[in-house]
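Trainee: Residue numbers (my numbering), protein chains in the order written: chain A, 20 to 154; chain B, 20 to 154; chain C, 20 to 154.
Calculated from the structure, these hints are not laboratory results.
Mixed in with the good hints there might be a few duds.
Said to hold, decoys possible - Not close to chain B: a few residues of chain C, all C-beta gaps over 12 Å, as computed:
(1) Thr32
(2) Asp39
(3) Lys42
(4) Lys49
(5) Asn50
(6) Pro77
(7) Lys126
As the list claims (entries may be wrong) - Lysine-lysine pairs mimicking DSSO-like chemistry, simulated, CA-CA at most 30 Å apart:
(8) Lys147/C x Lys96/B
(9) Lys34/A x Lys99/B
(10) Lys49/C x Lys147/A
(11) Lys99/C x Lys34/B
(12) Lys49/A x Lys99/B
(13) Lys126/C x Lys49/A
(14) Lys147/C x Lys42/C
(15) Lys42/C x Lys147/A
(16) Lys147/B x Lys42/A
(17) Lys96/C x Lys126/C
(18) Lys126/A x Lys147/B
(19) Lys96/A x Lys147/C
(20) Lys126/C x Lys126/A
(21) Lys34/B x Lys96/C
(22) Lys96/B x Lys99/C
(23) Lys34/C x Lys99/A
(24) Lys42/B x Lys99/C
(25) Lys96/A x Lys99/B
(26) Lys126/B x Lys96/C
(27) Lys49/C x Lys34/B
(28) Lys126/B x Lys42/C
(29) Lys49/B x Lys147/C
(30) Lys96/B x Lys96/A
(31) Lys126/A x Lys96/B
(32) Lys126/B x Lys126/A
(33) Lys126/C x Lys147/A
(34) Lys34/A x Lys49/B
(35) Lys49/C x Lys99/A
(36) Lys42/B x Lys147/C
(37) Lys42/A x Lys99/B
(38) Lys42/B x Lys126/A
(39) Lys96/A x Lys96/C
Positions of the beta carbon are idealized from the N, C-alpha and C atoms, including for glycine.
Letter by letter, the chains look like this.
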Amino acid sequence: MAFHSSTFELPTTAKAEMIDVTKRVRAEVKNSGVENGICTVFCGHTTGGVTINENTDPDVRTDILNALERAVPAGAKYYKHEEGNAHAHAKAVLVGFTVSVPVQQGKLMLGTWQAIYFCEFDGPRSRKLSVTVVG
Amino acid sequence: MAFHSSTFELPTTAKAEMIDVTKRVRAEVKNSGVENGICTVFCGHTTGGVTINENTDPDVRTDILNALERAVPAGAKYYKHEEGNAHAHAKAVLVGFTVSVPVQQGKLMLGTWQAIYFCEFDGPRSRKLSVTVVG
Amino acid sequence: MAFHSSTFELPTTAKAEMIDVTKRVRAEVKNSGVENGICTVFCGHTTGGVTINENTDPDVRTDILNALERAVPAGAKYYKHEEGNAHAHAKAVLVGFTVSVPVQQGKLMLGTWQAIYFCEFDGPRSRKLSVTVVG
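Make a model of the complete structure from these sequences and hints.
Mentor: Set out below in structure tokens:
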């Protein structure tokens with residue numbers, strides 16, 4: 020079995036944003052030399068997550084961030100957590116911390132319109148993502 | 020290490036629906052010949068996702084779809100994305116694009132009441148799901 | 020390839036709660052003897068899920084559970100499912116049923132502030148979680 024793991028730095032620049040990390044994930048798949056297997060992108064944070072979505076119209080990212088904000092408002096009165104970022108913890112839970120994508124013939128098998136995004140909900144911060152390829 | 024990957028077509032017939040794909044996933048686990056490992060179901064779309072839920076009462080699916088619609092309404096005024104399906108992108112992010120289920124003794128280890136569902140949020144469309152078994 | 024799989028019992032004690040299972044997952048990673056790979060925690064239920072979040076301030080868990088309750092209220096009038104726990108099914112879909120964490124040098128590579136939680140949305144019940152380590 021081939022196994023490859025690496026971590027990359029990801030500085031974020033806004034309170035909330037979705038950052039396309041697809042190129043960096045593809046580069047790690049190439050580095051891994053794995054022909055067939057699974058690539059898992061893991062986010063080691065609690066106020067940011069990892070997801071997949073459209074790679075073209077940036078309005079989609081804005082709409083997703085706004086939809087999450089409507090569902091879990093930053094300023095809701097009931098939060099007890101004193102750091103003021105409870106909403107960011109909840110949004111990260113909704114989005115999730117792992118994305119697993121098949122690898123075939125050395126390539127990440129994302130759909131035509133898909134990109135992998137790190138979702139920042141409490142930035143700007145210094146973030147890290149880890150990419151593991153098993154095959 | 021054994022590795023098996025395949026993709027199946029999944030035409031959807033409604034604007035929003037949850038389609039039980041468990042039988043097809045089980046068939047791929049059997050085809051894989053893997054005795055012990057992990058089965059990952061991956062959805063290569065951006066307005067549909069994959070999840071697990073109850074395999075019995077169809078009202079549960081209706082309730083889940085309605086709960087998602089209340090949390091992220093299709094007709095909210097703030098969406099910028101011009102295709103009119105921003106809500107479907109956000110719902111897919113909430114549901115997620117990957118489900119990973121253990122395989123033991125050649126069997127998919129779903130819980131007693133669990134089925135695997137493709138969630139359509141912007142149908143009807145021609146969808147595809149990929150199943151990867153590593154073990 | 021090394022493969023290790025085990026299941027542990029998890030009795031829950033409240034209607035809704037987040038239970039830290041990190042120690043038990045770490046123990047299974049150790050038991051597995053896997054040096055490098057992926058650890059997948061799988062929840063075989065339909066009204067509970069698995070996620071990752073902050074390991075320190077318990078208010079974060081309270082806030083997350085309340086945020087989910089606001090987004091998907093237990094008492095909404097439109098639910099059809101006769102068991103009265105439709106909201107719990109929907110919350111489990113939002114949280115998800117799988118968490119996959121890299122393993123390196125025999126250790127679970129959680130972030131500094133991360134713990135793995137089982138999320139109970141319809142307790143108290145006898146739950147089980149399965150841990151699979153491949154590497």
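Trainee: Next pair to validate is Lys147/C with Lys96/B; report whether the Cα-Cα distance is within 30 Å.
Mentor: Given that 30 Å is the threshold and the Cα spacing comes to 42 Å, the pair is violated.
Trainee: So if I understand the rule, the pair passes when the alpha-carbon distance is 30 Å or less; does Lys126/C with Lys49/A pass?
Mentor: Holds: Lys126/C and Lys49/A sit about 25 Å apart, inside 30 Å.
Trainee: Next pair to validate is Lys96/A with Lys99/B; report whether the Cα-Cα distance is within 30 Å.
Mentor: Holds - the C-alpha atoms of Lys99/B and Lys96/A are around 28 Å apart, at most 30 Å.
Trainee: Lys126/A and Lys96/B were given as a pair; does the straight-line alpha-carbon distance stay at or below 30 Å?
Mentor: violated (39 Å)
Trainee: Between the alpha carbons of Lys99/C and Lys34/B, is the straight-line distance 30 Å or under?
Mentor: holds (20 Å)
Trainee: Hey, does Lys49/C actually stay past 12 Å from chain B on C-beta?
Mentor: holds (19 Å)
Trainee: With a cut-off of 30 Å on the C-alpha distance, tell me whether Lys49/B and Lys147/C pass.
Mentor: holds (25 Å)
Trainee: Taking 30 Å as the top limit, are the C-alpha atoms of Lys96/A and Lys96/C close enough?
Mentor: Satisfied, since the Cα-Cα distance of roughly 24 Å is no more than 30 Å.
Trainee: Hey, Lys34/C versus Lys99/A, does the alpha-carbon distance stay inside 30 Å?
Mentor: Holds - the C-alpha atoms of Lys99/A and Lys34/C are around 20 Å apart, at most 30 Å.
Trainee: Grab the minimum beta-carbon distance between Pro77/C and chain B and tell me whether it stays above 12 Å.
Mentor: Answer for Pro77/C: holds, closest chain B Cβ roughly 25 Å.
Trainee: What's the verdict on Lys126/C and Lys126/A, does the C-alpha distance respect the 30 Å limit or exceed it?
Mentor: holds (28 Å)
Trainee: Given the proposed pairing of Lys147/B with Lys42/A, does the C-alpha separation stay at or below 30 Å?
Mentor: holds (23 Å)
Of the hints listed earlier, those the structure fails to meet are numbers 8, 12, 17, 19, 26, 27, 31, 34 and 35, in rising order.
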